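Enquirer: Now for the letters of each chain:
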Amino acid sequence: MKALLRVHAVASNTWREAIRNRAFIGLMIVAVGFLFFSLALAELAVRGEAARVVLDFGYFAISLFGVVIAIVMGVILVYKEIEKKTIYTILPKPIHRHEVLLGKYLGMVVVLVIEVVVMAAVWAFVLWARDAPLGMDTVMGVVLILFEIMLIASVALLFSSFSSPVLSGIFTFGIFILGRLSYLVSDMLVSSKGIFVNTPSLRPIGEVYVAVFPDLSVFNVSQDLLQGVSIPAAYVVASGAYALSYIIVFMALAMLLFQRRDFI
Amino acid sequence: MTTESSPSTPVLEFFDLHKKFAVGLRMKKVEAVRGVSLSVAPGEVFGFLGPNGAGKTTTIKMAMGLIRPTQGSIQLFGGEPERLEARARVGYLPEHPYFYDYLKPTEILDFYARIFGISRSERKRRIDSLLERVGLGDVRNRTLRKFSKGMLQRVGIAQSLINDPDLLVLDEPLSGLDPIGRKEVRDLLVELRRAGKTIFFSSHILSDIEMLCDKVAIVHHGRIQSIGRMDDLLNPDQMSTEITFRASDSLLGQLKADGMEVDVLGDYMRLRIEGSTTSILSTLLEGGAQIDSVLPKRESLEDLFVRGVVQSGDTEEAS
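From first to last, the protein sequence lines are chains S and Y.
In terms of the numbering used here, the numbers along the first sequence are unbroken and rise by one, the last being 1474.
In terms of the numbering used here, the numbers along the second sequence are unbroken and rise by one, the last being 324.
For reference, chain S alone in the conformation it holds in the complex (with noise of 0.2 Å):
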């Protein structure tokens, strides 16, 4: 119990951080504007394809929008408290060092939970405005952007463990186009054809590839919502587990190296 106290004043005093860094209200305010912009560019479109084009292109700032600030504040919050010293005051308090990395990231969960939460509010406004589909299967994609977001914040929080801003910025996008392309290795990998057919000896190299990285592309599914497909519950939960187990091996690892670390 008072464990959980000292996880929520960590976490309450991150989402602090964040609600009163202009860049994070710039930002936000710029993804806001990302949205009705797609209202102008439906404006342009083929008659028809309005609806497509705002709900194309709302589930790409929303996605987009969340990956950014999930990486620039992942990369920044512990550094942050390192650099300015501020860790100083904190670790020699009667707090265990991965309470303060869980507490940092819960925060920032909560903070990216409302920033999707209001992208995806001013989204279904654009998305009625347009007379696009908007339904539980909306719902069920921005849940899923909430899950991706969710687990590279967890990979930027690892990496800002141990690594500056800048290198854990790098690392961490790398990790998110890796993700965002692992299918296609997946593809290859049971394929008749390809690289993996035309050199085996490459084949281990895609086969560790699979099974490090997380496959990113189970989150994103703006094809079926363009199709009309549906998105079963049972789909959404199943991609949360994937999300939270590859969140648990992260932050695992990012308590870890944090527990090891020197703070000179």
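There are no misleading hints in this set.
Computed, partial: chain S to chain Y, Cβ under 8 Å:
{"hint": "1", "residue": "1216"}
{"hint": "2", "residue": "1223"}
{"hint": "3", "residue": "1227"}
{"hint": "4", "residue": "1230"}
{"hint": "5", "residue": "1294"}
{"hint": "6", "residue": "1295"}
{"hint": "7", "residue": "1301"}
{"hint": "8", "residue": "1302"}
{"hint": "9", "residue": "1304"}
{"hint": "10", "residue": "1305"}
{"hint": "11", "residue": "1472"}
{"hint": "12", "residue": "1473"}
{"hint": "13", "residue": "1474"}
Derived lysine to any residue pairs resembling SDA-like cross-links, with alpha carbons at most 20 Å apart:
{"hint": "14", "chain 1": "Y", "residue 1": "154", "chain 2": "S", "residue 2": "1292"}
{"hint": "15", "chain 1": "S", "residue 1": "1294", "chain 2": "Y", "residue 2": "180"}
{"hint": "16", "chain 1": "S", "residue 1": "1212", "chain 2": "Y", "residue 2": "169"}
{"hint": "17", "chain 1": "Y", "residue 1": "25", "chain 2": "S", "residue 2": "1472"}
{"hint": "18", "chain 1": "Y", "residue 1": "33", "chain 2": "S", "residue 2": "1471"}
{"hint": "19", "chain 1": "S", "residue 1": "1294", "chain 2": "Y", "residue 2": "156"}
{"hint": "20", "chain 1": "Y", "residue 1": "151", "chain 2": "S", "residue 2": "1229"}
{"hint": "21", "chain 1": "S", "residue 1": "1295", "chain 2": "Y", "residue 2": "58"}
{"hint": "22", "chain 1": "S", "residue 1": "1290", "chain 2": "Y", "residue 2": "148"}
Everything labelled a hint here was simulated from the structure, so no lab data went into it.
Fair warning: this is a prediction, and the values are worked out from it, not measured in the lab.
Glycine residues also receive a C-beta, built at the ideal position from the N, C-alpha and C atoms.
Place chain Y on chain S using the hints.
Expert: Chain Y alone, transformed into the frame defined by chain S:
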């Protein structure tokens, strides 16, 4: 608060502490702390004195769990320093403290108090009282980014007291403060000492240590040069005599001709004599000098400090 240690158990103990860092691209090993051992008794004000770069902050950070010792061990309230129960009894002020600058003093203190698990009503009471105590009552609703260095130091002192600690570990607590601030913080430390708190603090400013401490350890190049009670460390014997006088130019010329080093301070002159003063006083009086004062000088902490640093073969870093 829980107390599993007996009243005589040392509050803080270092046993042969060492710390090596890998520095630069070649990862060259540098030993910042080389075998520090000391013991701080309950209710004691212990000064950790040394020039910049002596290893004071590294030693303190090891005690606070921010850095792991390469060798040696630490006992806090008679047990492992990592125990949360032990850390709940400690207040720590880092050197040049930084805080979340988007928060107000009330908010930052509330945040720290929540980590200690202090109840909401008690938090409010303690924060109000502490802000008044460190002289920040009037700026309680101003964000920390608008605070001066001295004001941040006061916030640092307030946060170190939020849990009403039994042990205060303060790294250069008087740095960054103006003369009035220094006096206020010194008074606060005296008040805390009277309240029975144990205080371990580092400084490179001798007068702070001399004024406040019962016991002192002088550290240089990561090693303790001298350690003990102030009375035991300082030589009680008179070392020299300082004579202040007014004299004619001819007498001044005569003294200088005799090889004496006379400081001329406007109308006054000053001489420092080791050994008997009978002969020089006779010379001065016979030469018509007006003697203003004759002050015996005993060894000061500064003398001891300089002696220790010189003995260790390096005076460059001494400040």
